[in-house]
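Chemist: Okay, here's what each chain looks like letter by letter:
Protein chains: 2
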Amino acid sequence: MAYDGTRYAGFQVQPNAPTVQGELERALTELCNEPVRITGAGRTDAGVHATGQVINFRTASALDGERIGRGVNALVPADIAISAVEPVGEDFHARYSATGRTYEYRIRNGPERHPLERHREHWLPVPLDRSALDRATRLLHGRHDFAAFAAGEGGVREVRSATWSAQEELLRFEITADAFLRGMVRAIVGTLLWVGRGRIGVEDFGALIEARDRSKAGPSAPANGLCLISVEYGGRQRNTMRRNEDDEE
Amino acid sequence: MAYDGTRYAGFQVQPNAPTVQGELERALTELCNEPVRITGAGRTDAGVHATGQVINFRTASALDGERIGRGVNALVPADIAISAVEPVGEDFHARYSATGRTYEYRIRNGPERHPLERHREHWLPVPLDRSALDRATRLLHGRHDFAAFAAGEGGVREVRSATWSAQEELLRFEITADAFLRGMVRAIVGTLLWVGRGRIGVEDFGALIEARDRSKAGPSAPANGLCLISVEYGGRQRNTMRRNEDDEE
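So the sequence lines, in the order shown, correspond to chains D and G. Here the numbering used here is used: the first residue of the first sequence is 1, the next is one more, and so on. Here the numbering used here is used: the first residue of the second sequence is 1001, the next is one more, and so on.
Rather than coming from a laboratory, the hints here were simulated on the basis of the structure. All values reported here derive from a predicted model rather than from experimental measurement. Keep in mind that a hint or two might mislead.
[What the hints assert, rightly or not] Covered stretches of chain D, as calculated for chain G (at least 3 residues, CB under 8 angstroms):
hint	region
1	75-82
2	107-120
[Unchecked claim] Simulated restraints, written as ranges between beta carbons of each label pair:
hint	chain 1	residue 1	chain 2	residue 2	range
3	G	1125	D	134	35 to 41 angstroms
4	D	67	G	1204	54 to 60 angstroms
5	G	1215	D	166	47 to 53 angstroms
6	G	1029	D	160	25 to 31 angstroms
7	G	1030	D	198	35 to 41 angstroms
8	G	1092	D	141	52 to 58 angstroms
9	G	1143	D	29	55 to 61 angstroms
10	D	30	G	1143	52 to 58 angstroms
11	G	1129	D	160	40 to 46 angstroms
[Unchecked claim] Quick partial rundown of chain D residues pointing at chain G, CB under 7 angstroms, derived from the structure:
hint	residue
12	2
13	4
14	49
All C-beta atoms, glycine included, are put in the ideal place defined by N, C-alpha and C.
Take the sequences, apply the hints, and build the full model.
Modeler: Structure representation (structure tokens):
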């Protein structure tokens, strides 16, 4: 599923605030004619988007996947959309069964503001050292305790790929890991931007990872640039019951 | 200049409705410390966007272009942005001096809604005959009285280029003419989509142009897909005083 996170207080339900989960549960409850609770693969923060979020839910409804998909799409606001619905086994859990997640972070690195992209791209009109960015980014690869970039508790995560690509003024950072700590991608991007702007060196970035101290790393990059683009199931299967409930962006 | 037209009643000032011109004039009036009126090259309709709009205004302010650009950008909402400001001669008129305009129309032609693109792309989840679209589009080239596609009076305009391009599910229609009649691009796109969906043939499209009867052509395509991407000055210079005040999208 996909959503424009701009006007939501995040994915996860909370009282007195619009959330993606809240909208989906309201629609599914109406459609299935019974209370429905959903689980999302990634609990994205306020303002963070998704084009490849995965959710699961359980219902006794006799409606098939296609009807549920169409029905939900007719009931949710235009900034949320279901792409596909399929039956899964009882032991499937959108978050615990996931074996990988990929996020992208978009930066508009040019002198002009682009109003049409303001909800999707972080505008940064300062020069960036792309080579330093790339070298620091390579230090993320592999298994590390990423406490330096965690909003909550730290923990070992495996970054399988992390790369920058550029198309004219648009810089795209794409990162894949088995899982992410809370706030991890935005803290990584914010700290990498310190490197790109020359505020710290590539070696300093490596030392920050090692130090596992969030207070030494850079600020979180703004939410609008971040998007959960895919969730992976199968492949290198993890333990389906992971303990860190604090995971995800 | 650029804007996201989503929340505006159009470019042109009107009472009791938010307009791009209204926001710009408010900002310029405050910045220049005198009443400022602006003229835009294209008077885009409600919900239509721009990435290459051009405006002109006259002021006695001693501020230079860069300061005016920065100042306006600080005073207008985030969905409007000035790219550059430069001095022009007394006889320059953003609309009458323009010798060409280019609009793009974006269609998301796939089964899934894309929430993040909903303000920028018209979603059309039906098969389109690209070959028929291309053949009909070629009939637009050259000088014609485009009354068939005019929201108001007709008139001869010269279409210099009109092409479709595709990148995965995103179809982009780009059209350049000396000038456009009011509502012309959206009426052309709406009618071309009749061709693409097989509702009328390519020859019928040609006959519609010849008939010069708006009531026979297709519906206007939705505003959200349309964007004014550039305005041309110089080159084949037109008469700087054009009479049709009703021009533009």
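Chemist: If I claimed the Cβ atoms of residue 30/D and residue 1143/G lie 52 to 58 angstroms apart, would that claim hold in this structure?
Modeler: 55 angstroms, holds
Chemist: Taking the Cβ atom of residue 1030/G and the Cβ atom of residue 198/D, is their distance within the range 35 to 41 angstroms?
Modeler: 36 angstroms, holds
Chemist: For the hint on residue 2/D, does the least C-beta distance to chain G fall short of 7 angstroms?
Modeler: 5 angstroms, holds
Chemist: That 35 to 41 angstroms hint for residue 1125/G and residue 134/D (C-beta), does it hold up?
Modeler: 39 angstroms, holds
Chemist: Do the beta carbons of residue 1215/G and residue 166/D sit within 47 to 53 angstroms of each other?
Modeler: 49 angstroms, holds
Chemist: Against the range 40 to 46 angstroms, how does the distance between the Cβ atoms of residue 1129/G and residue 160/D compare: consistent or not?
Modeler: 42 angstroms, holds
Chemist: Tell me if the beta carbons of residue 67/D and residue 1204/G are separated by a distance inside 54 to 60 angstroms.
Modeler: For residue 67/D and residue 1204/G the Cβ distance comes to about 37 angstroms; the hint is violated.
Chemist: With 7 angstroms as the cut and Cβ atoms as the points, is residue 49/D at the interface with chain G?
Modeler: 6 angstroms, holds
Chemist: Are at least 3 residues of the region 75-82 of chain D within less than 8 angstroms of chain G when you compare beta carbons?
Modeler: Answer holds; 4 residues pass the 8 angstroms Cβ test.
Chemist: Are three or more residues of the region 107-120 of chain D within 8 angstroms, CB to CB, of chain G?
Modeler: The restraint on the region 107-120 of chain D holds, since 8 of its residues have a Cβ under 8 angstroms from chain G and three suffice.
Chemist: Between residue 1143/G and residue 29/D, does the beta-carbon spacing fit 55 to 61 angstroms?
Modeler: 59 angstroms, holds
Chemist: Residue 1092/G and residue 141/D, beta-carbon distance inside 52 to 58 angstroms?
Modeler: Holds - the Cβ-Cβ distance for residue 1092/G and residue 141/D, about 55 angstroms, lies within 52 to 58 angstroms.
Hint compliance for this structure: hints 4, 6 are broken, all remaining hints hold.
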